[in-house]
Amino acid sequence: MTQKYLIPLIAVFLLFLVAYTGAGAGLGWFFGIVVPYLAVLAFLVGFVVKVMGWAASAVPFRIPTTCGQQKSLPWIKQNRIDNPDTSSNVFLRMLLEIFIFRSLFRNTKAAFNRNAANRITYSWEIFLWVAALAFHYAFLVVLLRHFRFFTAPVPGAVQFLEALDGIVQLGLPGLFLSGVVLPAAVLFLLARRLFDAKVRYISQGSDYFPLFLILGIAATGISMRYFTKVDVTGIKEMTMGLVTFSPVIPDGIGGLFYGHLFLVSILFAYFPASKLMHLGGVFLSPTRNMANNNRAQRHENPWNYDVPIHTYEDYEDHFRDKMIEAGLPVEKKE
Amino acid sequence: MADELTPDELLDKIDYGAPSGDWMDTTKSVQIRPGMYCYAAKAESVETLGLPNARPWNPVEEDWKLPDNWQQIIHEGIKERLERFRTFKIFMDVCVRCGACADKCHFFLGTGDPKNMPVLRAELLRSIYRNDFTTAGKILQKIPGGQRLGGNRPLTLDALKEMWYYFFQCTECRRCSVFCPYGIDTAEITIIGRELLNLLGLNIDWIATPVSNCYTTGNHLGIQPHAFKDMLEFFVEDIEDITGVDCTPNFQKKGADILFITPSGDVFADPGTYTCQGYLILFQYLKEKYGLDVTWSTYASEGGNFGFFTSHETMKRLNAKMYYEAKRLGVKWILGGECGHMWRVIHQYMDTMNGPADFLEVPVNPITGTRFDNAASTKMVHITEFTADLIKHGKLELDKGRNANRILTFHDSCNPARGMGLLDEPRYVINNVCDNFYEMPPNTIRENTFCCGSGAGLNAGENMELRMAGALPRATALKHVHEKYGVNTLGTICAIDRAALSTLCEYWVPEVEVAGIHELVGNALILPGEKERTEDLRMEPLPGCEEEE
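These protein sequence lines map, in sequence, to chains A and B. Under my numbering, think of the first position of the first sequence as 1, with each following residue one higher. Under my numbering, think of the first position of the second sequence as 1001, with each following residue one higher.
Note that these hints are calculated values from the structure, not bench results. Treat each hint with caution, since some may be false.
Think about it this way: if two alpha-carbon atoms lie no more than 20 Å apart in a straight line, the pair counts; the simulated DMTMM-like pairs of lysine to aspartate or glutamate are [what the hints assert, rightly or not]:
| hint | chain 1 | residue 1 | chain 2 | residue 2 |
| --- | --- | --- | --- | --- |
| 1 | A | K109 | B | D1015 |
| 2 | A | K322 | B | E1233 |
| 3 | B | K1253 | A | D317 |
To give an idea of the interface, some chain A residues facing chain B are shown, with a C-beta separation under 8 Å as derived from the structure [unchecked claim]:
| hint | residue |
| --- | --- |
| 4 | M52 |
| 5 | W54 |
| 6 | A58 |
| 7 | P60 |
| 8 | G68 |
| 9 | N113 |
| 10 | N115 |
| 11 | L328 |
Across the chosen pairs, the derived CB separations fall in these ranges [said to hold, decoys possible]:
| hint | chain 1 | residue 1 | chain 2 | residue 2 | range |
| --- | --- | --- | --- | --- | --- |
| 12 | A | S123 | B | P1034 | 34 to 42 Å |
| 13 | A | P329 | B | E1062 | 49 to 57 Å |
| 14 | B | K1079 | A | L14 | 51 to 59 Å |
Quick caveat: nothing in here was measured; it's all calculated off a predicted structure. Glycine is no exception: its CB is placed at the ideal position from the N, C-alpha and C atoms.
Put together the whole structure using the sequences plus the hints.
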């Protein structure tokens, strides 16, 4: 059981060490140029292949999960978001699903008390939703902030985001909120996996690995910004080289940066082959992205095929005498 | 069996904590335990439809008499379904195991068995998918310990048996799907899982025999045409005793306005029979007052569809009767009775499978003029939509007082709630036929409703412990309103519910009775020319007519 989280933890450590020492041993070009290019390639190709694979599968039936009143009689109030009947309502449902995790927001926690009234009670369980939302948005902010390293001049939007993220104006260099929220949320999600018996039981190594990986990325990133102070000018020279396809390896960048970059590369390459693809899947999930208008508009099944059925004629042939005797109408009298 | 297990003993077993260790290590030790599983499909029932591997077998025996190439059959079955169902493919790939679904399943809440957490039920199959169908799985296979790390495993006989055991401990109620951030629907996974199991002839008899009956006699219970007519005529006699009015229905009447189809359970067993009498009274009223001509059919005498619990193909084969008969009789549209899974099939599958129903008209209620645009293509209307429309337009004369002895709560059936969204129509009808209506707590109704614990073909006798455990969340909510408001009647719009909830009440809340909504309509509806009623449809004294002691 412990190996499920220990192995991913050790793996992330080793991956970091490989890049840290490798770069020191003159393999900077490999970890700074070859690996990032391959990782981005793997991410793009993998992502597209996966999504195309899903898209290639048929959607034979329209089976939305309805979470509210249907559209039926004009005087009955429909729940347009949770039971959408038009594509604009579906769009709204998807927007809420994708941007505020509406389904997860509903989460409850059940408890059974054997000794009192033998009741099962349900309480609103908001923490998973809060942590999930905090994690995803902090990650997005961190990702977008990093465009500083891939653009020159840095776009106003990125600068604005940085200003917003650093609004607390604490310390020097200024503290980014996302730098606090991201690791905190990841640690919460990790603690949930480790200490909630049910979640621990369902967790796999592949659930711990991305958490440790992201934690490693955050730790190396934070360390570079606030503590060990790396050569930012050199790094920017290198990242700009990557993005303009004229890669260079400036001296004196330091192993910590290569470790950071390598972990990020691993995350990119690992992404399409893992559960992280829920990023793409959530858009395509048929229980959420379809309108509940099945009876109003016919949905076509591309592979619908004819099947043998027991026709009325077969039925009457089988029961004709009994039907006539019982006075039931028949097509043929004998 | 629950006969031997008292409610207290059952409650003692519940523990929501999960064991330590790895669930995959427990596959070998899964015991197919009496009380928790349903008997195997009889060979002759599997043969009726020509489904694969019909033979006698017993789940508790070591040898399941599988074909030699069973692994290949399952492998190819999965492959084919990944191409046919985007749901399946996405649901196999995107689960992050966040655990939001874990305590949403009534079977988990009633048994505490961690494999009844929806996520683990799906992982039983997903672990095999990852191993055999993903690149990562194929790479991990080559690394020692790699399979374990990715949560992958090969398709072994033990894994197959475990899947069988747990896919027949899911009632396809979709409650977990409401809470999943990606909309992963365990019902869909169970449906496909059972479809795969059926490729090896691994159905249960409580599904296979109704399917076989339905195919040949037209209904799950195997009621032959003359017997079906007899049974309805028996109700007609009872209604005449109670109301003094003859409610004789039409059978297979060509050119009728509407074909009415309802689950055969309502013709067969109490308390569904009272609901059935309610339909007869309603149709008599509409015929007498407004000249509406409704016909029943002994051929299409089943609204339910246990094919849905077998495979998509079997569902289609059984469902075909509805349109076939409507076309033959030349009716304008179809009206469907109170039933749960029947309505999921009609609402989300029928038109796609067996349509287009271009030989029918867009349903219009000739009495109110209402056009049911929400059923414009499928051309089938739910009876509570129909009745609610009649009541709204003041077309029914109702005496609520005749249900004054009923203190009612309403159980939303899973399929109309989460596969359709039919929530307020039955409530509107209830509020017009009964004065005392109280809702159960919000976490247990509408889209959050709890299953009766016996749906999706699991309403057998031999799995009573499972059923009563799965019934617990519904029962606790019911008990709450029983104690708080004195609720004595649990209303429902599902034939399986009428049977299953009756057992549930007997076991958990014995003071409560189960009633279909149209039973209450039948009691309240004032038939033209009726005598003064002193009894309700159960032949019990009406409020105010109780005999003096």
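Hints, one by one, checked against the model:
{"no.": "1", "hint": "K109/A <-> D1015/B", "result": "holds, 14 Å"}
{"no.": "2", "hint": "K322/A <-> E1233/B", "result": "holds, 16 Å"}
{"no.": "3", "hint": "K1253/B <-> D317/A", "result": "holds, 18 Å"}
{"no.": "4", "hint": "M52", "result": "violated, 12 Å"}
{"no.": "5", "hint": "W54", "result": "holds, 6 Å"}
{"no.": "6", "hint": "A58", "result": "holds, 5 Å"}
{"no.": "7", "hint": "P60", "result": "holds, 6 Å"}
{"no.": "8", "hint": "G68", "result": "holds, 6 Å"}
{"no.": "9", "hint": "N113", "result": "violated, 10 Å"}
{"no.": "10", "hint": "N115", "result": "violated, 10 Å"}
{"no.": "11", "hint": "L328", "result": "holds, 6 Å"}
{"no.": "12", "hint": "S123/A <-> P1034/B: 34 to 42 Å", "result": "holds, 35 Å"}
{"no.": "13", "hint": "P329/A <-> E1062/B: 49 to 57 Å", "result": "holds, 53 Å"}
{"no.": "14", "hint": "K1079/B <-> L14/A: 51 to 59 Å", "result": "violated, 36 Å"}
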